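*Asks:* Here is how the chains run, residue by residue.
2 protein chains.
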Amino acid sequence: MTKTMSRATRRASQSVTIQTVAERAGVSAMTVSNVLNNRHNVRATTREAVIAAARELGYMPNLAARSLASAATIRIGLFSRNLDSGFLSSILSGALEETSESGAQLVMRRFEAPKLDELIASAEALRATGIGAIISPPPYCELISDHCAPGAFPLPLVAISPGDELPGIPGVRIDDRAAAREMTAYLISLGHTRIGFIRIGSRLHADKTRYEGYRDALTNAGIIAQPEMVASANLTYESGLAAANELLAISPRPTAIFASNDEIAAAIVSVAHRMGIDIPGQLSVAGFDDGPLALKIWPTLTTIRQPVTQIAAMAARRAIGIVTSGEVDPQVTYLDHQLIIRESTARPGE
Amino acid sequence: MTKTMSRATRRASQSVTIQTVAERAGVSAMTVSNVLNNRHNVRATTREAVIAAARELGYMPNLAARSLASAATIRIGLFSRNLDSGFLSSILSGALEETSESGAQLVMRRFEAPKLDELIASAEALRATGIGAIISPPPYCELISDHCAPGAFPLPLVAISPGDELPGIPGVRIDDRAAAREMTAYLISLGHTRIGFIRIGSRLHADKTRYEGYRDALTNAGIIAQPEMVASANLTYESGLAAANELLAISPRPTAIFASNDEIAAAIVSVAHRMGIDIPGQLSVAGFDDGPLALKIWPTLTTIRQPVTQIAAMAARRAIGIVTSGEVDPQVTYLDHQLIIRESTARPGE
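Chains as they are written, first to last, in this note's numbering: chain A, 101 to 450; chain B, 101 to 450.
Among these hints, one or two may not hold up.
The list treats identical chains as interchangeable, and a pair is accepted whether it falls inside one copy or across any two copies.
Claimed, not checked - Capping the alpha-carbon separation at 20 angstroms, the derived lysine to any residue pairs in SDA-like fashion look like this: (1) 215 / 181; (2) 215 / 250; (3) 215 / 334; (4) 308 / 334; (5) 215 / 145; (6) 308 / 339; (7) 308 / 336; (8) 308 / 267; (9) 215 / 144; (10) 215 / 252; (11) 308 / 328; (12) 215 / 303; (13) 308 / 126; (14) 215 / 124; (15) 308 / 329; (16) 215 / 143; (17) 215 / 146; (18) 308 / 243.
For the record, the hints were derived by calculation from the structure and aren't laboratory data. All values reported here derive from a predicted model rather than from experimental measurement.
In isolation and in its complexed conformation, chain A is listed as follows (with noise of 0.2 angstroms):
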């Protein structure tokens, strides 16, 4: 039965012309062409009006529109952790839309602190049920490319986000060092001196590349880097607390403070409130990310946007080029980033 349909659905092809499918769809033909050829110009009503038309009409030109059609060829994977964190949760929407948009399956794997050969062993199982690659934020796909020889992980890996590029390893990011520079110049333009710096821990690339960031920027204006000005936690909320109390209680106190990530950052305005210390009046407070908590908490926060969602998209999209193409182009995508100047931040003692 199969077999037959698909035999009239050949030949019915040969007499059928994108300019048929258009006329059906009630489209452009070069809509039709975006569509088929998988271009994200198009709504998504207007995709299935000519994926509808397309295999009505038995027109089904090459491997994109036949993937298209039959939803089921096209599976890839998302490594996650938990989504407390509006990072996460971007990742999740961003990657969702763009299988939902391509008629490709996202399939979820949630781990909290998993040791490589978990991560292996989630592949190997998720290639058996038919996953053609995998997408993944930090910290798995660093932890994949500093301890997984080239070609021995078991899928084809799209790294979402990772602080730094990854040998061989085909990702979409932002310049992170070139970010933390602009926001550690930002806080030096309105005169600051005493700038405290919240690491994420050594797990991650991003701990590296935005410290070093941060660094370039006091090079670059004469400012002597301070040790102590600098603390460490981990990408969370809680772990932001201890580091921010460990930062306020040097004397004489840092007047700004920027942190790795929103959580944190939201963190340090916590302890500070607690403290009776006015934000931005007697200490500045920077983010990283521009999540959906920078605009939630008082005061607003400076920080740098990041543009999660189209980042994961856009990592989704090449996850699923890889599957149907069966090629790996290890080239790195890079996003603009933005520093976002809000209330958080002001000049010493203002």
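For this one, chain A is given, so just place chain B on it according to the hints.
*Replies:* Frame of chain A, contents of chain B only:
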């Protein structure tokens, strides 16, 4: 080719027992049964091993097992708003976790402020691409229930956390009215009598049920409800800022404000900080949802915990059940809520 293989599979399955599959996968027969019947007490990796073994041996006893082995057969849609709230990212996470576990495909459609026609057109387009059921949070599930004749919507619908029971539509929710009554009774038990309330807009059923819970508790305590103590917002933080300004301008001020969600409660906290009003000393603030935000503002937020991730996962499971069985059971499933007391509430004047 496909036809031949499926015949071979069917033949093979007659000589293979559940015990054979269990031995191949290195698990108990009970575990195989749990996996093949889609029960949820099995780890993802174990599940995958069982499916791989069953497939290898050609053991395909029933529809559930076939659908697990061939993920293409079950596709469900998710109608979503934008994801800048913890509530919606939890929904996405719960739904994707469930479909990942079950081998089903989740397709997301995001809307801003859709009309019913647009939702119907989208459901029709999704049906044309093989989607078998839709899960949806408010306001979409409620918009469909309120304005679409029973059976007129193109696909079976499962409501995620609707604010009330929707006639004929399966749903998974907490008892919003009881939860709001408990929170208000808690504020009264602290000694508050001037208790403000912020509603979330008449499009949402939870606007009414949570307001009724607030009124119930006032009535039970013999407190006369004062209309000026009730302000209106929508679901967003931004709308909460205006409502908070309105309630905090009343003289004498309310000593407590209960907001219908955490975003609005966070907005009240911001406005109070800005006006120099001490929380909880001069004002107690309570929210609803217990999303990630509740722990990341200062002071931390007293709120109602709604198990949104589990609600969404259960809704996805029910949608998958509808697709596999072809039957819609319009029963509403209730999960427990919880009153979470943190730092934002205290006795008046404490």
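*Asks:* Can you give the numbers of the hints that this structure goes against, from lowest to highest?
*Replies:* 13 and 14
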